[in-house]
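K.L.:
Below, each chain spelled out in residue letters.
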Amino acid sequence: MIANYGYMDGSGEFFISIDTDKCAACKDKPCIQACPKGMFEKIIDDYDDEVVAIKEIYRKSIKYECAPCKPAKGWISLPCIEACYPKAITHSW
Amino acid sequence: MRDREFWRWKEYNWRNPDMDWRKAEIIAAGIDVGSVSSQAVIMLDGELYAYSSIRTGSNSPDSAKKAMDRAIEGTGLTMDNIHYIVGTGYGRVNIPFANRAITEIACHARGANYMGGPKVRTILDMGGQDCKAIKCDEKGKVINFLMNDKCAAGTGRGMEVIADLLAVPIEEIGQRSLEVDEDVPAVSNVCVVFAKSEAMALMKEGWSKNKVLAAYCQAMAERVVTLLERVTVEREFFITGGIAKNIGVVKRIEKLLGIEAMKTDYDSQIAGALGAALFATAIVKKERSAA
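Line by line, the protein sequences are chains A and B.
Read in order, the letters of the first sequence correspond to residues 1 to 93 in my numbering.
Read in order, the letters of the second sequence correspond to residues 1 to 291 in my numbering.
Each hint should be verified, as a subset may be incorrect.
Only pairs whose alpha carbons sit at most 30 Å apart, straight line, appear in this in silico DSSO-like list of lysine-lysine [said to hold, decoys possible]:
1) A:Lys27 x A:Lys73
2) A:Lys27 x B:Lys204
3) A:Lys42 x B:Lys286
4) B:Lys150 x A:Lys42
Don't read these hints as lab results, they were simulated from the structure.
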């Protein structure tokens with residue numbers, strides 16, 4: 001399952017997508033430690049898989065929460081994507 | 001003070017008179033406590049038996065209890081007779097008598113699969129204060145979802161605001177918006193407050209109420225279509241939630257997508273609670289087969 005966390009508003013589309021099939025197969029969940037904001041958390045989803053999700057409190061402000069990792073001059077890599085070796089995480093912006 | 005609230009839709013309940021819960025092996029219930037409305041669904045051996053839809057109050061446990069009471073009204077059924085209850089919706093974690101909470105995303109997919117059959121692949125749930133685009137497989141399992149709950153644009157609450165502003169009963173909005181012959185440009189689709197201001201300005205310019213309603217329905221359709229396009233729309237396409245009853249919005253979504261939404265005899269507003277009841281039924285079956 002592709003779980004999209006985030007929103008779209010007048011300024012654009014801001015979603016962090018997590019491929020839960022790949023995520024469930026990863027035991028370590030290194031993205032949780034890698035995110036400097038601590039936005040990721042481990043949950044048991046509706047189909048009883050242990051996966052990561054974006055914490056509820058960050059879902060409506062990810063554009064701003066992710067901003068320190070995405071400087072205006074552009075970004076090359078992101079800690080969460082770098083840490084996720086199953087390549088389950090993508091950002092829409 | 002106004003003597004009528006035009007946004008106020010009617011609460012209701014329904015029961016299948018041909019079914020008898022005393023003969024059922026599994027009595028399962030699903031309760032969807034949404035931000036604007038709450039539904040309770042009772043299923044007997046996986047078949048729809050009774051349901052209710054009421055307005056959500058300020059207290060989730062009370063709303064859940066009221067919805068359940070309305071659903072079992074006149075059946076002779078009590079809470080003790082129900083084997084398993086699954087809660088869903090915004091208030092799902094605050095339903096004291098639910099055995100488990102499951103997200104409304106999974107429940108809507110399961111509910112739409114029941115209503116529309118295994119061909120359903122894309123679901124648009126237009127709820128009271130959010131909008132969800134869901135893709136599922138032939139069993140109703142979610143494979144992709146997207147939810148927008150950052151503002152009321154593209155939601156039932158936004159429609160309620162416009163109903164009250166224009167003093168048009170909410171049930172009439174869809175049909176009246178289609179009585180306009182021309183294609184009307186949309187009002188703001190990023191903010192209900194802006195849309196409301198725009199609607200007021202258009203009325204002052206001399207637009208008819210129906211034309212303003214058409215502009216708002218168009219805005220809502222454009223808003224949700226951008227959400228759907230992100231998950232990509234695949235046939236068959238199914239719409240759930242209260243706004244599915246607004247023909248003006250549905251027709252405009254269909255036109256923008258170039259796809260006709262599936263028709264159903266079921267009440268589209270109960271999809272979440274129905275999915276929750278299906279999950280409850282499956283859990284009871286699993287527990288019994290493991291015992």
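K.L.:
Compare the structure with the hints numbered earlier in the document and write down the numbers of the violated ones, lowest to highest.
P.N.:
1 and 2
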